[in-house]
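Chemist: If you want the building blocks of each chain, they are given just below.
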Amino acid sequence: MDVERAERALQEVRVLQERALRAAYPRLPWWSVTGRGAIIAAMGPVGDLSPSGMAVGMPVTGMLGVAAFSALGEFTERRIGAKVRTSRHSVRSVAVNVGEIVAILVVFALAAWGTSRAGTPIPVTLACLVTGLFGIAIAQPVQKARSATMRY
Amino acid sequence: MVEPFFNEYIHVPARLSLLALLAPVQWMEFRIVRESLDTSDSALSKQISSLQDAGYVEVSKDRLHGRRSTRVRLSEQGRVAFGAHAAALEQIVAAAHQRPQSRPTTPQEGAFVSHKEQRL
Numbered sequence: 001m002d003v004e005r006a007e008r009a010l011q012e013v014r015v016l017q018e019r020a021l022r023a024a025y026p027r028l029p030w031w032s033v034t035g036r037g038a039i040i041a042a043m044g045p046v047g048d049l050s051p052s053g054m055a056v057g058m059p060v061t062g063m064l065g066v067a068a069f070s071a072l073g074e075f076t077e078r079r080i081g082a083k084v085r086t087s088r089h090s091v092r093s094v095a096v097n098v099g100e101i102v103a104i105l106v107v108f109a110l111a112a113w114g115t116s117r118a119g120t121p122i123p124v125t126l127a128c129l130v131t132g133l134f135g136i137a138i139a140q141p142v143q144k145a146r147s148a149t150m151r152y
Numbered sequence: 001m002v003e004p005f006f007n008e009y010i011h012v013p014a015r016l017s018l019l020a021l022l023a024p025v026q027w028m029e030f031r032i033v034r035e036s037l038d039t040s041d042s043a044l045s046k047q048i049s050s051l052q053d054a055g056y057v058e059v060s061k062d063r064l065h066g067r068r069s070t071r072v073r074l075s076e077q078g079r080v081a082f083g084a085h086a087a088a089l090e091q092i093v094a095a096a097h098q099r100p101q102s103r104p105t106t107p108q109e110g111a112f113v114s115h116k117e118q119r120l
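Which chain is which? The protein sequence lines are A and B, in order.
Everything in the first sequence is counted per the numbering used here, starting at 1 for the first residue and increasing by one.
Everything in the second sequence is counted per the numbering used here, starting at 1 for the first residue and increasing by one.
With the rest of the complex left out, here is chain B (with noise of 0.2 Å):
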């Protein structure tokens, strides 16, 4: 069971979908990783270079047959923020569903935590 943690760093909507797509697959290649989320070759890689700086993907490159072949996976730091991160979001819309009338939850209310706060 994965301890909810709202992470605003992976929350960003270009990293949260570069997450989300590498959460089920133990690798992909970078030429699918684009084609999937529909994005530029230097707007996926800066992306990845800065989860990769944060430990959150992994990225592993060689040559096949004379074609260069670029791997994207994702860390078990990584798999673990964002496991914890989906939960926080559950948790969220969860509580919601639960008090109708009650105003959004707010970040005080445990879960949302921010990044800053986290590496703390």
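One chain only, chain A, in its complex shape (with noise of 0.2 Å):
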């Protein structure tokens, strides 16, 4: 085996792995993003029921919450046409997803607090459509990040 052509091969095999993981990295579809947005925003409204509406609506709401960030999240994947291994993502990528929870779950917190305190009748719904529009500002930035931390 020539030492150049086991050297072009191996060049070629790291290329065409990076181009699969940019592949399954790329610029988010808009209604991803608008979409998570509209979900976080969505839910709002169930925390400035009563306290007895908020008993049962808040489940149900977390729930459907749930439900729909899953269906969205796999839309998305089928769209984007490819998934990436476990083993692929790095500690920094895993650094990245944690942090962007993190930051929505700052955002919401500091949002609702000042909602609160500015006497809004509607303070969840408020912090909730804050939240949603950070989300949806952070989105682009935090996929550009996963994909620049991936274990190549």
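A portion of the hints provided could be inaccurate.
[To be verified] Chain B side only, calculated, beta carbon under 8 Å to chain A, not exhaustive:
#1 21
#2 23
#3 26
#4 36
#5 86
#6 90
[Unchecked claim] Calculated Cβ distances over 10 Å to all of chain A for the following chain B residues:
#7 44
#8 47
#9 59
#10 76
#11 77
[As the list claims (entries may be wrong)] Cross-link-like lysine-lysine pairs, in silico, DSSO-like; alpha carbons within 27 Å at most:
#12 A:144 <-> A:83
#13 B:61 <-> A:83
#14 B:46 <-> A:83
#15 B:46 <-> B:61
Simulated from the structure, these hints should not be mistaken for lab results.
All residues carry an ideal CB built from backbone N, CA and C; glycine is no exception.
Starting from two chains that each stand alone, build the complex the way the hints lay out.
Modeler: Quick look at the structure:
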């Protein structure tokens, strides 16, 4: 086996593996990004129900939210047309995913605190709206960060 | 740790490209594979069928929302064979870098085994 040929083949393998990972993490479709923000925003009004209404509404909304996120994720995956193996996730890419969730929760907590202090009649609805918009705003940069932190 | 094993069947450029592309993913749709390799439907189908016959890739077809979906993935056997082949290539390059004055690695030097031999 010619060494140069072996080197070329290895280089080609690396290029194609990077291409596969880039294909699996492209720019997200607009409907996937806005859909995610819409799901977060849609969960808000339940939080502003009276305590008796919340007791029923919160678990139902929570389950519907999880189902909606799962369905959206599945549709997005099918549209993208590739799924990365778990072994290709690095510590940094997992940190990106966790960081995104933490950032969204922090924004929600701050927005809920702010809207409550402002005395608005629908604080949770507004907080979820703000959080949904934040989720939309960070979706593409986070996707880019995910792609950049994969194990090549 | 994968045992290095040069596989002539895999080393054909079109096959090696396909396996390299599929290695980091759980599955990839046929259309994405075709776009990534910049090849035609017929050429890609031929390579996939060949690799499927050898047991290196698996193909699943279904219909989703009125659209046909064809997913291609590496089989466990394909993943092991590709890993062993990549390791053999790395071994050849590493050996050459360790002995810069010596001749390139020859088929007799261990890792280089033809597909025919491998099947025996």
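Chemist: Check the structure against each numbered hint from earlier and tell me which ones fail, lowest number first.
Modeler: No numbers; nothing is violated.
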